[in-house]
Every structure is written in C-alpha cells, then in structure tokens.
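Asks: One-letter residues, chain by chain:
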Amino acid sequence: MLQRLFKFKGGVKPATNKAPSVQAPIRIAPIPPRLVVPLHQSIGGQPTPLVEVGDRVLKGQRIGAADKWVSAAVHAPTSGTVIAVEERVAAHPSGLPTLSVVIETDGQDAWIERHSFDHASLEPERVREILRDSGVVGLGGAVFPSHVKLTPAASVPMDELVINGAECEPFMTCDDLLMRERAEGIVRGVAIFRDLLRPKRVLIGIEDNKPEAVAAMQAAVEALGENFEVVAVPTRYPAGGAKQLIRVLTGKEVPASKRSPEMGVQCFNVATAYSAWRAIAFGEPVISRIVTLTGNVEQPGNWEILLGTPMQEVIALAGPKADTNRFVMGGPMMGFDLPDLSAPVVKATNCIIAGSPALFPPPAPEMPCIRCGACALACPHELQPFELYWFSRSRNFGKAQEYNLFDCIECGCCSYVCPSHIPLVQYFRFAKSEIWSRERDKNMADAAKARFEFRNERDEREKAEKAERLAKAAAAKAAEKKPAPAETPPAPAEAPAPQTVDAEAAKKAAIAAAMERARLQREAAQPKNTDGLTIAQRKEIAEIEKRRAPLQAQQQTTPNADAAQTQNSQKDQQ
Amino acid sequence: MLTAILIMALGAIVLGAALGYASIKFKVEGNPLVEKIEAILPQTQCGQCGYPGCKPYAEAIAEGEADINKCPPGGMEGVRKLADLLGREVKPLDAEEKPKQLAIIDEQLCIGCTLCIQACPVDAIVGAAKQMHTVVESLCTGCELCVKPCPVECIRMEPIAEKIDNWKWKYPVFEIKPARRAA
Amino acid sequence: MDFITPPYLTQNVSVRRVMLQVLAALIPGIAAYAWLLGPAVLMQIAIATATALLAEAAMLKLQDKPLGPFLGDGSAIVTAWLIALAFPPLAPWWLIVVGTAFAIVVAKHLYGGLGQNPFNPAMIAFAVCIVSFPALMSQWPPINAQANFVDQLALVFGQSPRLDALSGATPLDALKTALKLGEGSTSVATVTADAAVFGRIAGHGWEWVAAGYLLGGIWLWGRKVIGWHVSMSFLAGMTLISGALWLWNPAHFANPLFHLFSGGSMLGAFFIVTDPVSGCTTPRGKLIFGFSAGLLAYLIRVFGGYPDGVAFAVLLLNLCVPIIDLYTQPPIFGMKK
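Chains as they are written, first to last, in the working numbering: chain C, 1 to 574; chain Z, 1001 to 1183; chain E, 2001 to 2337.
These are computed hints drawn from the structure, not numbers from a lab.
Be careful, since some hints might not be right.
Which residues of chain C face chain E? A few of them, derived with a C-beta cut under 7 Å, are [to be verified]:
#: 1; residue: 14
#: 2; residue: 334
#: 3; residue: 404
Quick list of the computed label-pair ranges, beta carbon to beta carbon [as the list claims (entries may be wrong)]:
#: 4; chain 1: Z; residue 1: 1168; chain 2: C; residue 2: 319; range: 28 to 38 Å
#: 5; chain 1: Z; residue 1: 1010; chain 2: C; residue 2: 462; range: 41 to 51 Å
#: 6; chain 1: E; residue 1: 2326; chain 2: Z; residue 2: 1168; range: 26 to 36 Å
#: 7; chain 1: Z; residue 1: 1088; chain 2: E; residue 2: 2236; range: 29 to 39 Å
From the three backbone atoms N, C-alpha and C, an ideal C-beta is built for every residue, glycine too.
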C-alpha cells in the first residue's frame, strides 16, 4: 500500500536515545502500600469525589465522577481503604497540591464487578458516556477526554482518523513497546473509534525508527481483517505532535483556531485506543499506564504502573545511578522537572527520565538574540520565535498575540537550535500564562464593575421608592388631616378604653405586617444578589447554603426566644 | 491696512464658525478618557484612593485632580499603565503594594448583622439578617470595605493562595550578570 | 540541581561557533587579497581586530557586563575583519582605528550591543570614514606595481609620504573616471581593454579576491550558517540592473560580470547583507532586502559620487528593515491559503 506522505516545515533531529529502554518487555510494577490518586487528571472540569475517608474501595471503582461533559472519571487503581481525601503534591511543574484520594492498598487487588459491552449494539452517545466514566483520556500526554473528541462535526464529513504511534520525543518508548506487545488491543480500540467517527480512512502513523512496532501493527491489522493503513513516517521531532502527524499523513494543516473535526480529521494516541478497548470490551477503566523509565538509570525499561504510585517508588524500579540530579516527567523536549518525588504517576505520565549533569548539561549563559532566524526555520508551526521572544521578554503581550503566540505548541525546537541559548519556550510559557492571568483579572474586574453598577442602581431605586412611599404616606396623612376636622367631629370621650386596646392590637398588627414586609423584601432582594452569576458561582453559593442549612435550622428553634426578648424590651419601654 | 484687517477678521469668522460647527457635529458624549482610565483600574471599588469607587477616581484623574498612584490594588503595574495612557511620569505607589486578597468570614463568629452586606460594593456577600454571612470567593475583589463595619471582627483578609489553576510560569531568570568576586 | 527549562537537549551551536565559521569563510578572500595586493591587509586586519576587542572590552566594562562571553562570541572580530577588508589596504593606521572604534562604540554598543544594532557596524564605519576622509578612503594600491611589505607598512604607519605612485583607484573608480573624462568618446570596451588594470573580467587581481569571497560564501551556505535568500537576491538585483543597462548601451555600461566581481559586491553579498542582526528576517523580506541592496549598490556605484555603493545601499536598506519585516510576515501553519 503506497501512501503519499506530506511534509511539515521545521522540526529538529535530536539523538533519539530510545535503544536502552526497548531491550526488556513491559514489566508490571508491584502494588505500592499507598496510592495517591489526584482527582483532576485530565483537561476539563475537576471530578467530584465519590468516596470518603474510611471507605473501602475495589479495584476499578469510580472514586471521582466527571462533573461535566469535558471531564473524565477517576478510579481506584487497586482495592484498599481510603485514608484521606486531601490536597497532595501533584505531578505538575509548580509542585502545588491538588485534591487527591489517598488509598491504603490491601494487596488483594480485588476487582469491582466488570461489565463488558458490545459497542456496535449501543448508541454512540452511550459509548461516549462509558468512555467518559471509564476515564479514557489522551494518554499521549495531553490527557484530553477522548469521548469529547469522538463526536464528529455535524457539517464536515470525517475523512481520516489518524492514530498516533509516532512517539517523536527522544528517550520515550512506552508507545513503541505497547505497539509491539499489544498491537491487537490497539487495533480493536481503533475499530471502536472508527465505528464512532465513521471516517473514510484510518491511518496509523509510526516513526520509521520503530520497524518492530510497524511490523507488529501491520500484522495485527491483517490478522483482524481491518483496512487500516499502517504508515511509517520519517523520524523528525515533532512528527508525533497531533497537528504535525495529521499534516504528514493527510496534508491538512489544522490551525490553532480550529478543532481538527472541523477539517474532517481526528487524531488519537495508540495507548488511548488500547485503553478504550479495555474499557469497552472488559469494563476495565483507566487505572494504570505504561511508563518509560530511562536516562541515568541501571535498568531502563517500560513498566505498567498503577496510577497514583508515588514517583520515588517508580524510580526505585529502575535504579537511578549515583550522579542523578533531576527527574524529568515527559520527554526531554517538552517534559518538566518533577518538583517533588512524592508526586504520583498520573494519566499524563508517559516517561520519567533520570537526568545527570552529563546527560542534561546545565545551559550555557543566555546571550542576546542575533536574529539569525534558526528558530524560525525550526518552528513546525512556522512562527517567528525571535519576534515572539522579543515581545514576551519586554512584556509586550498584545504584540506577542499578534504574532500568533497561541499557535505555539511549546515543542522546544526553537530553544533546541538557538545559538544564543535563549530559553525561548520558557519566555512563551511565561507570556501565555501572564496573558491568561490578565484575562482572568480583566473578566473579574468587568464583573465587579457590572455588579457595582447594578448595586448602585438598586440603591438608587430603593431610595427613590422609599422617598416615594414616604411622600405618599405624607400626602395621605395630609389628606387625612385636612378633612378630619370638618367631616368627623370626634367623639373623644366615647370609648377611651377600647381604643387603647385597639391601639395595642393595631401596633402588634403593624409590627407583624412590617416583619412580613421585611421578609418579602428580603426574599425579593435575595435573588437580585445572585442574578447573572455563572454556573460555577451558583454552585458555590449552593454549597454555602448547604453548609448554612444546619445553622439555619438551629436558628429556627430560637425565634420564640427572640420574639420574647423583643416583647420584653417593648414592655420595658412602656 | 484695512484689507489686511478685513482678511484676518474674515478668516477668524470662518474658522470660528467651522470650530463651532465641529463642536456641535462631533460632540462626544461623556469623556472617552475616563473610560480608558477606568478600564485600567482594577474595579475593586475599594475607595482606598479617596474616591467613592473606581469611576469617580477615573474621573478625577481625567480632570487632573488626582494623582495616578493612589490605587493600591492596581499596584505599580497599574500606575505604569496609567502613566503610559496619560503621558505622565511613573510615580511610586502611594501605599504598600499588597498581594491580591480575599475576605473570609468566620462563620462561627458571625452574628448576621448584615453590616458587611451593606458595605460590600459588589454584592459578594450572601446571607440575610440573623443568618450567617458568607463571602462568595469568586466575586470578592478584596477591597477590605467589609472588614471595618463588622461589629464582632469576624472578617479577615487573606492573600489568594497560588493553585494549579492560577499558577503562572515564571519569567526566565538567567540573565547574564557580571560575576562579582567576593572580596 | 541546576535550573534548566525544557527542552533539556540543545544542539551544539553557539554565537561563537557561528562567528568563527564566518571568519573561516573569509580566509580564502583574505589569502587572495594578501597574495595579489600585498600583505598590508593583514596588518590592517590585526589593527582592526585589536581596536575592536579593546573598544568592545571598554564598552562592556562601562555597562558592567561580563567580558568573557561577549568578547569570546567573536562578533567584534567579524566586524573588525569586515572593516579591514572594506577599507583601502594602505589607509593610515589611525583611519582603521577610528573606523573600527566608531563601529563598535557608536554603531554597536550605543544601540544596545550585540543583537540590537539597527545598522551594520562595519558599513557604518566605512560610510563615516568615506564621508569624513574621502581622499584617504579612495587611495588603493596600484594593482600592477606591487610594493613590498615594508614599504606598505611604512605607508600605513605614516613613515613615508603618500605618493601617487603608490596609490590609485580601484578598477571601478578607474572605469568611472575614464568614462567621465571621455565624455562619451570612449567606451567601456576600450577602457577595460587594459588587461593590466582590468584583468579578464573585473580588474586584475580583484577578481580573484572576489572569487575567494564567493568560495567562502558558498561554504557558509553549505554549512547552513547563511541562507541563500539575501545573497542570491543581492546578486540578482545587481545582475538585473547592470545587465539591463549593459544590453541597452554596452558602450557606456560595463557588463554584469564586471560589476559582480569588482568592488565590494561579493564581500557584500555573502558577508554584509547576510548580517542577521541588521537585516530582514522573513524569507520574502530577505529577498526584498537583498534585491534592493543589489540594485541600490549598482546605482550608487555607477551614478553616484562614491567609488562603491554597497555600504550606502546596505545602510539605506537597514533603515527599511522594520517596515519590510512587518509587511512580509510569512503565513503560519494552518493559515495558508
């Protein structure tokens, strides 16, 4: 089968360093005594915890439920007891904590009841739901919920489904090994995606430095009688970037402003396809993943590791050498330093590299940019990184956006080729997060302004209403007073006693009426407070109300006392 | 001589008429500068500038009555932006720059007096009389206006903690600096 | 643990390597120059290099920047060599010193140092000196009467009087003067028939120097230190206009080959217009920049008052770089029509 290949511009060819970690087959990592499972492991909303401290959980039991459509469930990776639901250090460059479920494992590894499905007989919507509730997300590292990507665009027919087995990052071999050993599962998973998206063609792209994987996938495709095309693509970083692989295989360029289904193409990682197949055919949610442990270690290789396993236990499997000074999660081009080794393995952890000064030498001092343009030649998105650098560095963010800062995929090619050793990607990340933060601030300021203006308006209105009421009352009084002397000659001495009683009753009635009015007013005023809030804010208020409910109940029991008190004080006054 | 005077007078009349016409035809409602200034201000409505809200302060700046360094929540960056917009000199902030804060009501202590609700300029406090009040975090601008009115001092300000959601990549730190030898 | 930001891998490249390769590429041209026109140019290169390094060090010291990485980057040396090669080899030593110091101090550091200069420093030096000392900047060694090294040195250091016998015009200048004096009665063909002055294509000896630069330039292109856009478009610009005029009136205008191989054309095409700092950065911008520079260089050299036009052409185009870059931003991935 001859497949015409396209080229993407730019890219670099760093030494691949993949050989050490492909010698051994995938090994299964032991169950650690404790698992720390972060609830937020995918792009989108943070799943809501379903378990509490002390709960016993079974392997595969859902412990976090997707809170909205773009979100994915999280599951207990093995059986055990929940000992905490709290903030724990995340596998994130910031080293900040995130809400996690801590499970003390019991070693029994007892599965929850599993249901297998025949996806062909189910509604597509139901299949997507199953995938969401099985926590299937992009395992290439982006962790975007897969079910969201499995919705074809309404107007554009799906032409190609691209399956990404390129694995262009140096050092990383987890997808390579998965394809070699579990090609059949991957192909079956791809078939599920195919049935959901109904593309005209299915293309499986694998970099040509993995001939074993290509052969294994080809054999699996043939064995299962599918018509998928397994294509070896030239080895050039970042050929495994979704947009680059789509470009190479289909010739389509998906801009940052568009989603790929709008161009009739969709892309999934091979590991994602495999996990989707496990979820549908066996009812096994995503509770483990294959992680490459390599770099400055005694035993480089790939392990299947339970999500939530603390990094230090993972690293111990490979045996880091003495001069190891850092651990990088992800590949050497786009990965980041693990700030804390107690952080757990998550769905995004595809590779952990032990680094040493020899392997990753400290950067040469940053020199001024000489505008040589090497970065522009290397940029796979054909940006002008040196211009972006100039604007990011001087915090001229508006200009940076004009020069398409947000089309940057942070692949690191520009930094790789820079003769001045400028940490370009870092400048771009800085600029991006600064822009996002400013946008947040601006939105908050606008909302605050709107609410302030609304409040002022309300105050004015209430004042006006009050003035009107007073004026009316005064007018009424005046009207009462005027005719009074003429029409009703008073009978002052007629019945003074009952009048006082009446006065007392009237007073009471008036107080009751005032209280009622106040209550009504309060009720009327309250929704005003929550007008025009976002759903998240309403949720927040709902939570506050929930917390308040017991306190309110407490107060419900005391109003009599309060009333008594007011009566007492009234009596005192009398 | 007379012709010269006449020509000058005629010129003055024509130009004056043109100006007068333009001022009616192209009249701008409101002061566009005020809006631009207000867009820079953080809209906390805190009144720390001495004006009752961001808009009055913006108006005062536009009138030239107020200095541009009176807005602590805007920080030095705000001062810089205002200086840029108005072509004025950048001045150090007239107060201490604080990190962004959030009001927190101690729900155990709150007596439900509603004083803070009345003080809050952005309706970020919910609750009713005799009921515990709570700050809606995502609406709070950190203006501190609710702190003083509270009769039982149950409101405190806390700096907004860094979370993964609002964490920012840092500015690259390795600039070339002369290696100074220790004496 | 050192603070590294991703990517953790980098290519083995540095500004220093780039500059060293540029220097290496200049060597064939310099060798031809020294061989055919006397070794004085080597002395000039030495003077310029020393001046450039001293001026650079002084400026770095004043700005409190570290000397090591910046002196070692080689950019000042490249500027110095280009100045030495652009100046007449028998120019007095102080002229080279003034030019180089001006280039480093004013054209480079007062604009912010490496990477910030809007103008090519070497060309600024040339322009400043030719405007200030036009006579000294137009005295080139006679091509057929080679002086020995000692005599040349004596001239450079002002030890012997500047005799007309020891200096003359470049072939370009000679042609221009001859045509002007002839006022239409002589033709290019008769003037350039004097092979002793004009050699086979563009001047006795000079054509070999130019060939040396061409060789170095091609090597640089092969090493991917420079791209083809600017150099080729510069040569194309010059060829196009000279070819057109030559076809129109061959008696009055020299052929394109003569122009490509005389004066600063080759040095300019591969070492001056290729300066990334002061040049255009977009592919289309580079084409416009190079083409216009070639065109302008020819116009100034043939119709202007100066013996060569490369320096002024480059400086004028340097001025236009921001606007050219602004309007030639290439379409990005996914945004092409």
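Asks: List, from low to high, the hint numbers that the structure doesn't satisfy.
Replies: 5, 7
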